[in-house]
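Chains as they are written, first to last, in this note's numbering: chain A, 1 to 152; chain B, 1 to 340.
Simulated from the structure, these hints should not be mistaken for laboratory data. Computed from a predicted structure; not experimentally measured. Careful: at least some of the hints might be erroneous.
Distance condition first, Cα-Cα at most 35 Å in a straight line; then the derived DSBU-like pairs of lysine-lysine [stated by the list, open to error]: (1) A/Lys-23 / B/Lys-272; (2) A/Lys-23 / B/Lys-191; (3) B/Lys-4 / B/Lys-295; (4) A/Lys-19 / B/Lys-272; (5) B/Lys-4 / B/Lys-339; (6) B/Lys-4 / B/Lys-55; (7) B/Lys-271 / A/Lys-11.
Covered stretches of chain A (in silico footprint by chain B; criterion: 3 or more residues with CB under 8 Å from a CB of chain B, positions within the stretch not fixed) [unchecked claim]: (8) 92 to 100; (9) 105 to 117.
Here are a few chain A residues that sit away from chain B, every Cβ distance over 10 Å (derived from the structure) [claimed, not checked]: (10) Met-27; (11) Leu-57; (12) Ala-62; (13) Val-141; (14) Ile-150.
Cβ coordinates follow ideal geometry from the N, Cα and C atoms, glycine included.
The chain contents come next:
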Amino acid sequence: MPKKNQSTQNKKYQEYVEKTSPKPTYMKNCTWAFFVGGLICTFGQFVHNQIESRMNLTHLEATNITTLIMVFLGALLTGLGLYDLIGKRAGAGSIVPITGFANSIVSPAMEFKREGFIFGVAARMFSLAGPVLVYGITSSVIVGLIYYVIGR
Amino acid sequence: MAIKRVGSQTVKLLNPPAIVSAASIVGPKEGQGPLSNYFDKVLEDDLFGEDSWEKAESKMLKEAVRMAVSRQDLMLPDIDYMLGGDLLNQLMSSSFAARDLQIPFLGLYGACSTMAESLSLSAMLVDGGFADRCIATTSSHFSTAERQFRFPLELGNQRPLTSQWTVTGAGAALVANDDGGPFITYITTGKVIDYGIIDANNMGAAMAPAAADTIGRHFDDTGMLPEDYDLIITGDLGRYGRDIASDLLKTKGYEVVKNFTDCGIEIFNPKKQDTHAGGSGCGCSAVVFCGYLFKLLREHRLNKIMLISTGALFSPTSAQQGESIPSIAHAVTIESKKKN
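Bound conformation, chain A alone (with noise of 0.2 Å):
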């Protein structure tokens, strides 16, 4: 049976190379992650705060503002070349912010504007947050419906 000798083969290889391979240095990522996330959800905090006391908005009204200013803030710095540099050591900490949405979108409209404003740009911009989309938009929605039918 040479088809299950080698599956053994292969299992205990993988099971090796788990083993010997480096491991992540979980604790300092986490560190960054964690001071990094909280810097830049805390400066919005802060924009949304200005904005609902300086211009007098209603707080959903400034909630909107504040995330299109995070949203451009994400994709200029992404733009300067900036935001992977922040990745690289923040990871989820730059991730998860809708700054890191604004990222997965603007960094391949940049890679892809070779390949044209319509195939390259256009049809590559959401390569990355195009499932975030789908799979937000549609879980809001079935949230929403069983908030329609049971919720009320």
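For this one, chain A is given, so just place chain B on it according to the hints.
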């Protein structure tokens, strides 16, 4: 009866062809690495005056070929075959370079194993009397490989410690019948080996079994031992892949530790250059061989080496369909003197 075959996978060249010249061009990052003084040309800008990275890669390959040919006071029409390849879909870099060079072209895809593959076939063509001069060439470019195999450059993601850095560079070696060495004496062609590794960020682990298989087969076929070599150097296993290959060879009964290294380890300084496990890509073994090893062989600072270029034969499609990473390794023995 094939009189030049030895054992199951090895060829012994009866009239060992010489590598009469070699040229290497690298990007700015490789130019800051430990081997920087050995490269023939270091680009200041990785676009090389072109308007896309693909075109830049193609130009590097083209210029490397021109440089290798002109060093021998030859013209492009003096070359009988150009054998080459790269990592891009449909061999974009090599095909477009071959369009401009107008040398009869055999395009090869062996992923990062292409340098040893093109050297092997060039040597066989010359030894077999089918060609007087063949040019073996490959290239890779960090930015073209990233966009084809991984993520956009500006995406803020983290690279795992086992990941490698694709070398921006192209190498070309001119193989001909000549009395001045170094000479290609043995060729061991590898089989596709797959131990079921799926993680594309751990190519060293995926390719190490292929490297160990080819190296072990080479010793079995020729009866040589690791001590017979001044240097046994793999293409782009990286730091962890090298250790795995060394362990696997030990189980086959061959102790390779001291004289065993990897082009991907030699080309970068991991602490200063943030390249993690080491360099990778077709260009990695190409520039390390054509730039560094070739010069050491010429100066007789190395007398006998085995270059084993290692390739991971996966594609973004195969990875998305959940396939593991099949790998291959080809070995070429190069000696500075011809034995009679």
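Hint numbers contradicted by this structure: 6
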